[in-house]
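Assemble the complex: chain A is given as a structure, and chain B must be docked to it using the hints.
As given, the protein sequences belong to chains A and B, one line each in that order.
Under this note's numbering, the first residue of the first sequence is numbered 93, with each subsequent residue one higher.
Under this note's numbering, the first residue of the second sequence is numbered 2, with each subsequent residue one higher.
No lab work stands behind these hints, which were simulated from the structure alone.
Just so we're clear, the structure is a prediction, and the values are computed from it rather than from any experiment.
Virtual Cβ for every residue (Gly too), placed ideally from N, Cα, C.
There could be a bad hint or two in this list.
[As the list claims (entries may be wrong)] FRET-style restraints, in silico, Cβ to Cβ:
| id | chain 1 | residue 1 | chain 2 | residue 2 | range |
| --- | --- | --- | --- | --- | --- |
| 1 | A | ALA120 | B | ARG179 | 15 to 23 Å |
| 2 | B | ASP252 | A | ASP173 | 44 to 52 Å |
| 3 | A | GLY110 | B | VAL210 | 53 to 61 Å |
| 4 | A | GLU185 | B | ASP344 | 39 to 47 Å |
| 5 | A | ASP173 | B | GLY280 | 38 to 46 Å |
[What the hints assert, rightly or not] Not everything, but these chain B residues come out facing chain A in the computed CB check (under 10 Å):
| id | residue |
| --- | --- |
| 6 | GLY53 |
| 7 | THR55 |
| 8 | ASP61 |
| 9 | HIS178 |
| 10 | ARG183 |
Next come the chains, spelled out residue by residue.
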Amino acid sequence: MCVECKLRGNLCVAGAHGTPCLGPVTQAGCNARCPAFDRGCYGCFGPAESPNAASLAAWLEEELAMEHPDLVRLFRSFNADAPAFRRESRRHEPEEVAT
Amino acid sequence: MSHSHDRTISVEALARVEGEGAMHVEVADGRVEQVQLRIYEPPRFFEAMLRGRTYLEPPDITARICGICPVAYQLSAINAIESLCGIGTPDGMPMPDGIRQLRRLLYCGEWIESHVLHIFLLHAPDFLGYQGAIEMAADHRDLVEMALRLRKAGNQLLEVIGGRAIHPINVRVGGFHRAPTRTELQEMVPELLWGREAAIAAARLVAGVEFPDLDQSPTFASLRPEQDSLPPGATGYPIEDGRLVTNSGLDVPIAAWPEHFHEEHVEHSTALHGRMTDGGTYLVGPAARFNLNADRLPAEIADLAAEVGCAEAVTNPFRSIVVRAIETVYAFDEALRLIDAYDRPETPAVEVRPVAGTGHGATEAPRGILYHRYTLDEEGLITDAVIVPPPSQNQPAIEEDLLEFVQAHLHLDDDALQWQCEQAIRNYDPCISCSTHFLDLTVRRR
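This is chain A alone, in the form it adopts within the complex (with noise of 0.2 Å):
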């Protein structure tokens, strides 16, 4: 989705504000809503083709301090069982509960 928030000129609410966004995991459609009302994406589109959400995961837990169980929450919305999406949660979660 992040192609469509420069397309918008809306600054990054990821980068500028630390506010986190799953716009680069996410498909396109929406016209970047949410970026546009200062708010990060929350994935309602599902996964974008090829996502990385591990590395979007990684840079969410060195730069903005996210916790693990806020991860698994970010991830596991209204398509928590989007392969890719359901993978990045577990990745999360402590073990006894991925089994």
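Coordinates of chain B only, in the frame set by chain A:
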């Protein structure tokens, strides 16, 4: 699926209601023994899905319960959470006027699109004798075009303030992510002025159709804002907050909900049935709101109500279409007042810190009181959630209504009875979700 009885009327799939439901009537010796509204949509488990989520997530998650009234879900959830966390409570942090104005304005947009949908696209075909709005459009093109334009005006409010007409994204606990500018709101004024006039014409139009006779005196329940909580210029017809009142004298804060109302499971429906604690049925929705709050309408709209035959309490459910039209006029009028008074908040949201405990919230969804209750732990995670939507509260009363109605109309032939029963159900605008095909009816009587 329905069991064969000697005399049964079985409507397998109700048309022009939001959702999938059926009606089942049993007649013995010329007497209607039982009427069941069978809701067979599978349960959706939203309350369970909310457990373990943070106190900031319900507006996004619960919005998905309904595509027609997502704002109702968002704001009922927010009311519950903010009241628990000490925002906007008598001894808590006050909510800035601008945020309160935006919330009510957003909700006006939802009332408009929802009411217009029901009045013209779901309900009017009954009174004008069409199977549906598409067939109606062949003869009443202007009417349908006006309805679509009215809906669009409501949707425009949702898009500008909420960021999206269906499942708005700009609503959050504490306020909004981004507050629109005065200019952005002002741009909608011309269309809203048109909408108010068109809605007045629509109210006069629907008041002129022929209504079947049915007179009822149920318990009506609605919200009613406290007089001294009203901002200057507001008349306080209930939308996004208020105390819980009934025509039997109840007047309590929302937190007292569990003492007076409860839900119970019945075998024939996946939707729970709402009842009062004494076991009685009650009705929520436009008629209840109007009957309990007619004094809260601006004088001009009260005059219009009197002109279109609603000078007194509305006790014929078939006339609910007129009340929806009056409320649509009010929603346009209120939207214009709010835009005029809008004071853009300095920050779009106030900070809300989680508090462990249980919070209650309710708003007036287009179809009536929508109650939410959340329990949070110390970290602000939801441990329990309860959501009571209007249709489950109305379901037992609808069944009682139909029993009386069918009894009085047993002389009708099958087609006529089916037509009238469906119409009687649609009076309540039951929102189950979305169905468009017509139904099969079987009648067996001795």
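Could you tell me which of the numbered hints above are not met by this structure, giving the numbers in increasing order? Result: hint 10 breaks, nothing else.
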